[in-house]
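Please build the complex by placing chain W on the supplied structure of chain F, with the hints as guidance.
Protein chains: 2
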Amino acid sequence: MYSYSYLLQFTSAVLSKMGFSENQAYESAKVFLAAEIRGHSTHGVIRLGDYYKLWKAGRINVNPKVRIIHETPSTAVIDGDSTLGMIPAKLAMETAILKAGNVGTGWVAVKNSCNFGIAGYYAMMALEHDMIGMTMTNASPLVSPTFAAEGMLGTNPIAVAIPALNQPAFVADFATTPVNRGKFTIAAKKGEKMNLGFAQDKDGNPSGDPTILEKGGSMLPLGGDREHGSHKGYCLGSIVDIFSGVLSGANFGPFVPPMVAYLPLLEKTVGDGLGHFFGAMRVDAFRPANEFKQSMDEWITTFRNAKPALGQKKVLIPGDLERESELKIRETGICLIPQVSDDLKIIAQSFSITFEENK
Amino acid sequence: MYSYSYLLQFTSAVLSKMGFSENQAYESAKVFLAAEIRGHSTHGVIRLGDYYKLWKAGRINVNPKVRIIHETPSTAVIDGDSTLGMIPAKLAMETAILKAGNVGTGWVAVKNSCNFGIAGYYAMMALEHDMIGMTMTNASPLVSPTFAAEGMLGTNPIAVAIPALNQPAFVADFATTPVNRGKFTIAAKKGEKMNLGFAQDKDGNPSGDPTILEKGGSMLPLGGDREHGSHKGYCLGSIVDIFSGVLSGANFGPFVPPMVAYLPLLEKTVGDGLGHFFGAMRVDAFRPANEFKQSMDEWITTFRNAKPALGQKKVLIPGDLERESELKIRETGICLIPQVSDDLKIIAQSFSITFEENK
Numbered sequence: 012m013y014s015y016s017y018l019l020q021f022t023s024a025v026l027s028k029m030g031f032s033e034n035q036a037y038e039s040a041k042v043f044l045a046a047e048i049r050g051h052s053t054h055g056v057i058r059l060g061d062y063y064k065l066w067k068a069g070r071i072n073v074n075p076k077v078r079i080i081h082e083t084p085s086t087a088v089i090d091g092d093s094t095l096g097m098i099p100a101k102l103a104m105e106t107a108i109l110k111a112g113n114v115g116t117g118w119v120a121v122k123n124s125c126n127f128g129i130a131g132y133y134a135m136m137a138l139e140h141d142m143i144g145m146t147m148t149n150a151s152p153l154v155s156p157t158f159a160a161e162g163m164l165g166t167n168p169i170a171v172a173i174p175a176l177n178q179p180a181f182v183a184d185f186a187t188t189p190v191n192r193g194k195f196t197i198a199a200k201k202g203e204k205m206n207l208g209f210a211q212d213k214d215g216n217p218s219g220d221p222t223i224l225e226k227g228g229s230m231l232p233l234g235g236d237r238e239h240g241s242h243k244g245y246c247l248g249s250i251v252d253i254f255s256g257v258l259s260g261a262n263f264g265p266f267v268p269p270m271v272a273y274l275p276l277l278e279k280t281v282g283d284g285l286g287h288f289f290g291a292m293r294v295d296a297f298r299p300a301n302e303f304k305q306s307m308d309e310w311i312t313t314f315r316n317a318k319p320a321l322g323q324k325k326v327l328i329p330g331d332l333e334r335e336s337e338l339k340i341r342e343t344g345i346c347l348i349p350q351v352s353d354d355l356k357i358i359a360q361s362f363s364i365t366f367e368e369n370k
Numbered sequence: 012m013y014s015y016s017y018l019l020q021f022t023s024a025v026l027s028k029m030g031f032s033e034n035q036a037y038e039s040a041k042v043f044l045a046a047e048i049r050g051h052s053t054h055g056v057i058r059l060g061d062y063y064k065l066w067k068a069g070r071i072n073v074n075p076k077v078r079i080i081h082e083t084p085s086t087a088v089i090d091g092d093s094t095l096g097m098i099p100a101k102l103a104m105e106t107a108i109l110k111a112g113n114v115g116t117g118w119v120a121v122k123n124s125c126n127f128g129i130a131g132y133y134a135m136m137a138l139e140h141d142m143i144g145m146t147m148t149n150a151s152p153l154v155s156p157t158f159a160a161e162g163m164l165g166t167n168p169i170a171v172a173i174p175a176l177n178q179p180a181f182v183a184d185f186a187t188t189p190v191n192r193g194k195f196t197i198a199a200k201k202g203e204k205m206n207l208g209f210a211q212d213k214d215g216n217p218s219g220d221p222t223i224l225e226k227g228g229s230m231l232p233l234g235g236d237r238e239h240g241s242h243k244g245y246c247l248g249s250i251v252d253i254f255s256g257v258l259s260g261a262n263f264g265p266f267v268p269p270m271v272a273y274l275p276l277l278e279k280t281v282g283d284g285l286g287h288f289f290g291a292m293r294v295d296a297f298r299p300a301n302e303f304k305q306s307m308d309e310w311i312t313t314f315r316n317a318k319p320a321l322g323q324k325k326v327l328i329p330g331d332l333e334r335e336s337e338l339k340i341r342e343t344g345i346c347l348i349p350q351v352s353d354d355l356k357i358i359a360q361s362f363s364i365t366f367e368e369n370k
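In order, the protein sequences belong to chains F and W.
For the working numbering, add 11 to where a residue sits in the first sequence, where the first one is 1.
For the working numbering, add 11 to where a residue sits in the second sequence, where the first one is 1.
Simulated from the structure, these hints should not be mistaken for lab results.
Hints are not guaranteed to be accurate.
One copy or two, either will do: identical chains are not told apart, so a pair holds if it fits within one copy or between any two.
Within a straight-line C-alpha distance of at most 27 Å, the following computed DSS-like cross-link-like pairs (lysine-lysine) qualify [claimed, not checked]:
{"hint": "1", "residue 1": "279", "residue 2": "325"}
{"hint": "2", "residue 1": "201", "residue 2": "279"}
{"hint": "3", "residue 1": "213", "residue 2": "67"}
{"hint": "4", "residue 1": "318", "residue 2": "279"}
{"hint": "5", "residue 1": "226", "residue 2": "325"}
{"hint": "6", "residue 1": "213", "residue 2": "324"}
For reference, chain F alone in the conformation it holds in the complex:
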């Protein structure tokens, strides 16, 4: 078990050693740690290894000029200058919030970026300003459009955070696929078959083989098959891809660059790096903030009190599980599997710093 503050300090130290400024390192480390405490460890410090290897391969710019390259009163485009995704992402959300303060809403597209951690982190930045926050990002192609047998889209998540008054905020943060890729890795490690509805083989036949993605297979969009609405999941993933990739001038669809150093950069590009999209809407640009937040309290209470299905204890509000995870982990600490702590030790050694186990 590790404490939040120790892993925050360690992650921050590693990023500093790579060459990021102290502030950039610390602010980015907070996003890694947010994934840990919110129970999404697949986006937590486990990813430090990927970034480290990308950095060693010269694919992460540690002296970036992250800047606004175009803007209107309610929009902006930011060039991430090939750096850690967290840096342009945070600036983008701050810019969206600033613009929403001025004209009611703000919408910012980012190009030339890489993975930015959990989408929900940025959406939630809007909450303390009494704003609704939105985040999307495209990602390396793994997901097949309906009727196709080829990974063309990323798991392209959407996060929406909506403030309430006395109730905790509504925070939805979800990939536009039935499950995330981690589910395949876990099933493969356990030697288990998966149920159908998550993936297909290279010809487009339903597959329960958890290693199918390494055999030319692809993930299915939310909905699974056409009969159960996979074309709607395909629409969602496409919208995220276009808002993140095409509006910003980043790469889209199959041209999104791989975010692991063992895969070479693609020969063909149609833009710069990968792309994100951020939005902030001041709730009082629509209704008085207190009135809106009271109404959200009532929305949340109404849905929380919906009649549970037989065998279920309660109906959840988006964000409940992450908040419960945070409460628990703040108390018990963060658990890292040996593969991750071993990885962190190796990274620490290479920078002549220490990684202390169970600190």
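Just chain W now, kept in the frame of chain F:
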């Protein structure tokens, strides 16, 4: 078979007879007809009967003062004054487009409205302005949140229209459920069972009974069950409900009023009527319009040329089927089932106008 122009003129005449101005009647009739030619006849002239009965019950205001009640440079809230949904919806999208022209984007919430037809119609209004259009609406509660056994959300559709250069526009228009309600009606009429993944009984057990909604059952969100990501469909439906209902000050969730005259208005309300949400983003608020649209052409071509799954002919782009339907129906005419044409005859008689068959 009926011609587009005959049904447009007839629908317009009926709405005029109800008391709407000539312009309101004609502009609203166009939305009914757009549903017909785009192949979504469930939202076409079949609905005229519902509106007629709501009008007879005094639940549709034919002399509405539809007006902006609050605004900022990039947002507005419109009060629909209990009229036909098409009237405030069109004003809302026009307002969003106007604001986008001024400050880059425009976002408009509508309260005190009723059903507005197909969401895609309004989103597509943005296209000719080189803008991305978005539309959402809440609707009467039929859909259960994950882990619940109670209809709390409508089928809450989302439409997003994105302009391209030489390719036809990307137009996604989909309910946040695997199927629409019409699928149940059709299966029930044919006496067929449905596959699982669409509905559950009153206790939350999976059900293939097409009449289950009349027996206390509920529809499932996109994803079907928790394992296949129904919590993501629940998130989507909730976001649509909150943007449409809570931001505007309309009713939300289970309090959305029924849009058929045979169901009484609910005793408890938490706002005014039902709600919609509209958005417009100028593409040149992000990138030069031509550059963006060229990039969209490339996106569309890339996805259209994805490798088809075994047994599939081609991969579709959102909007393809509707465009094909429109081409076909403009040529062959619109087919109405006898129940619908009989209904239209009765409405015509009550207004002393004629409805000519197969005109």
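Checklist line | Intra/inter-copy verdict for residue 213 and residue 324 if alpha-carbon distance must be at most 27 Å | finding: Between. Shortest inter-copy distance 16 Å satisfies the 27 Å Cα cut-off; intra-copy 40 Å does not.
Checklist line | Within, between, both or neither: residue 213, residue 67 at alpha-carbon 27 Å | finding: This pair counts as neither: shortest intra-copy Cα distance 33 Å, inter-copy 57 Å.
Notebook entry, point to check: Is the C-alpha distance from residue 201 to residue 279 at most 27 Å within one copy, between copies, in both cases, or in neither?
Noted result: neither (37 Å within a copy, 51 Å between copies)
Note to self: One pair to classify: residue 226 and residue 325, alpha carbons no more than 27 Å apart. Within, between, both, or neither?
What the structure shows: between (40 Å within a copy, 22 Å between copies)
Notebook entry, point to check: Between residue 318 and residue 279, at a C-alpha cutoff of 27 Å, which is it: within one copy, between copies, both, or neither?
Noted result: between (52 Å within a copy, 18 Å between copies)
Check: Using 27 Å as the alpha-carbon threshold, which applies to residue 279 and residue 325: within, between, both, or neither?
Finding: between (49 Å within a copy, 24 Å between copies)
The structure shown violates the earlier hints numbered 2, 3.
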